[in-house]
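*Asks:* Input sequences plus hints: build the corresponding full structure.
Top to bottom, those sequences are chains A and B. Per the numbering used here: the first sequence = residues 519 to 664. Per the numbering used here: the second sequence = residues 873 to 1621.
For the record, the hints were derived by calculation from the structure and aren't laboratory data. No experiment lies behind these values; they were computed from the predicted model shown. There may be inaccurate statements among the hints.
[Stated by the list, open to error] Calculated lysine to any residue pairs in the SDA-like style (CA-CA distance at most 25 angstroms, straight line):
hint	chain 1	residue 1	chain 2	residue 2
1	B	LYS1227	B	PHE1280
2	B	LYS1093	A	GLU610
3	B	LYS1315	A	ALA585
4	A	LYS645	A	ILE619
5	B	LYS1093	A	ARG606
6	B	LYS1315	A	ILE619
7	A	LYS645	B	ASP1201
[As the list claims (entries may be wrong)] Partial list, computed: chain B residues near chain A (C-beta under 10 angstroms):
hint	residue
8	ASN1019
9	ILE1035
10	GLY1281
All C-beta atoms in this analysis are idealised placements derived from N, C-alpha and C, irrespective of residue type, glycine included.
If you want the building blocks of each chain, they are given just below.
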Amino acid sequence: MSVEHDPGERSLLAHVLLPVASEDDALATARALAPYDPDGVTVMHVVEKGEGVPDKTPVEQSEATAAAAYDAVREVFPEAEDHTAYRRDVVEAIFEAAEEIDASAIAFQTRGGNRLIQFLSGDTTLKLVSQADRPVITLPKDPGET
Amino acid sequence: MSEEELAKDLGPLAALTIGVGTMIGAGIFVLPGQAAAKAGPAVALSFVAGGIISMFTAMSASELGTAMPKAGGSYFYVNHALGPLFGSIAGMGNWMGLAFASAFYTLGFGDYLSTFVPLPTITVGSFVLTQIQIGALLAGVAFVLVNYVGAKETGRLQNIIVILLVSILTVFSVLGFLQADLSTLQPFFPKGTGSILPGTALVFVSFLGFAKITTVAEEIKNPGRNLPLAIIGSVAIVTVMYAIIMVMLMGVVNWEQLGPAVTDRPVLDVAEVAFGAVGIGALGVGTLTFAGLLATASSANASILASSRINFAMGRDKLISAWLNDVHDRFATPYRSIAVTGGFIVAFILIGNVKVLAKAGSVLHLIVYGLLNIALIVMREADTPEYDPEFRVPWYPVVPILGAVTSFGLIAFMKPIEIVLAAAFVAFGVVWYLAYARTRATKHGILSQYVLDRSEQLPKPAVSAARTAQPDGGEYRVMVPLAKPEHESHLISLASAIARQRGGSVDVVHIVTVPDQTPLEYGAEHIETLDAESQSLLESAREDAETEGVPVETHTIISHESFEEIFDAAADHDADLVVMGWGVDSHGAPGRIEGAFDEVTQDLPCDVLVLRDRGFDPSRVVVPTAGGPDSELSAATAKLLQAEYDSEVTLLHVADDHAEGEAFLEEWAESQGLSDATLRIETGDVETAIESAATDATMVIVGATERGLLERLVRGSVVIDIAEDVDCSVLLAEQKRSRSLFERLFGGD
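*Replies:* Printed below as a string of structure tokens:
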């Protein structure tokens, strides 16, 4: 896959970073992205670390979740690369990964939930959208079946 | 850094504070009054005895933890070494023990909360909720919620809390000793030396915590060094602190004045004297109250987290439903496990007797600790090549034997009611294993392997006991849903062949569809008239399977739906594989095939083979592959047919580049154990290649989702094209997704 370094000539979908959570989320996100036919896709999962305190879930479980999510994405994008990050700050990890793989854009699907849920889970959407140094694509929730 | 290192982010201090933070709460802040009443000043020795008993187990836990740094800790080691029967006992015991202890910690929290926050007492009929229980309920619900939403304390907060606690207690001890009078400690043994161990039994709950470090062993940096340091270090630190503080408390105020008959919170009374001497009595009481809240909160919090780790580990070994361990989409926490544990904690708070909770929690933990020491001995004796601990217990086998004997022995100093309560949970663990886990668990203990491997040398009863207790989970079950009689014999032949090769059985299910308007009960009563074929169909299926020499069961299921019911039934019957027919006349109307296949590709409870039947002739089998899990199932099926029918197997790979394709296919054939198969590499269109390869084959086995083939197959209907265009039978293979992943990740067998 050729990566062009001049952002002026680069397609928005040249190399999309696809951060996903669970297997279901991964499949839904990939299906939402599929109609736009991106040139390259890297799927990533952030294993949330405690960095000083025990994690919320065992590492083994987190890694199993990541692997299941990657498999789900590969059902839609067979050639997708994967990238696992181990960080406390999910959004920071996504930005770092985008930098590392030189992503042309970050694409994701908001996971909904009311304001309380968003507040409790630390509203990643807002941080992702407002602090990114490259395009962020919010994928529609239910892409129409064509 | 490798991924493995990235996942490890707990340094030695963080690991140590998990142990110290969990342990330091109860002993000092909740129990000293009751302990003093039991043994007088000698209770300091009760704590020392508890520390020594814990130290043996701490060493064993350290060795097992460095050898197997796996989530789940004590439970995992016991299950691994002694097998799922003891695993069930240890898992349930550890889980409930933690719930008991958490209820005890939150009651301690409620007690300190009620000293400065006015809480009501609620009376419902004859049921009274004290203000302590109200405080405990508030705290318990709060701790469960914090864990449920996974609010992240900053990484250092735990270290700060524990260091603060240790500092407060150190200042308290120093000021206390300045006011202490050695004569107050006389007599040291007012209840005789015989009261020491009953005292230990009471305060042992203060030592539950060191083993929790092992539940997060996989997250600790340099575990070979830091794990033993944290486990053994935390036991040493708290034992010394407990002993010093007990001596101090009873040097300042006579033990008789500390008992529950005189005061509710002896620590605060002593704080008033100790800090009062320097003119800050009120500040001292406030500080110690604050410390009491911190200590009990951190103990409860750590216990809730540890219990979700144990649930995860039990789910991994299939001793409990994996459903319990699902991770929340937004919070990324094992929310169900936390909620269920929270429910137990709330129930135990309502019971409300601090002493019974503490001691029942201790008994269950002591059982687990005893088993853990035995697990260590088994691992050492079996000496499997994988067992390579970085830390080794000194003076083996003395330490683990003493650990087991003292852990089990201390139980004798508990009251009968506490022992009976704990025994009930052990019995529950055994019943749970027999009723639920035995048919599901796949992992055999090292012990039973060791015994069975040496069945010649060892006494017969030991061997037969080991054999009887074995899990039979994993007896391979092939389910065959039948709709119409046409393809019955071919499906049964295929299913029987696979079942015989895997040493399993066949389960034939006839799904009778009744119109939505018909109540299912009506259907059940009128089965004969609704579907007269049912009995004769199942009867001939049974005969066919018996002819093949495979154990067979038959069932009839009445349902409004046809296709969906198959997967529900497969889940209900614990099927490992479903072999079903597919065709215009097999399941449902022709127009529903597309929808049906959506169903197949979404969520499968087991592996599935779908036969487009044009005669059952496995003599020349073609397996097209591009790698991936589903073609692994195709390969496995081809291999079984080869073993059964001596089939000629051809592997087909369509590649852009012939040489690359050849390299891939050779390697793949090797990895699937099919290196004796004919390899065929094609370039160009996938569909054309498969169809041309099929012309001289008798059967094509296609994986459903290999590398995007799913989309092409289902959405683009290529599979239907292939299945309709070729002249031979087509077998569509789809692997159960979650299980295969699980197995690939954890190397299950």
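*Asks:* Check the structure against each numbered hint from earlier and tell me which ones fail, lowest number first.
*Replies:* 6, 9, 10
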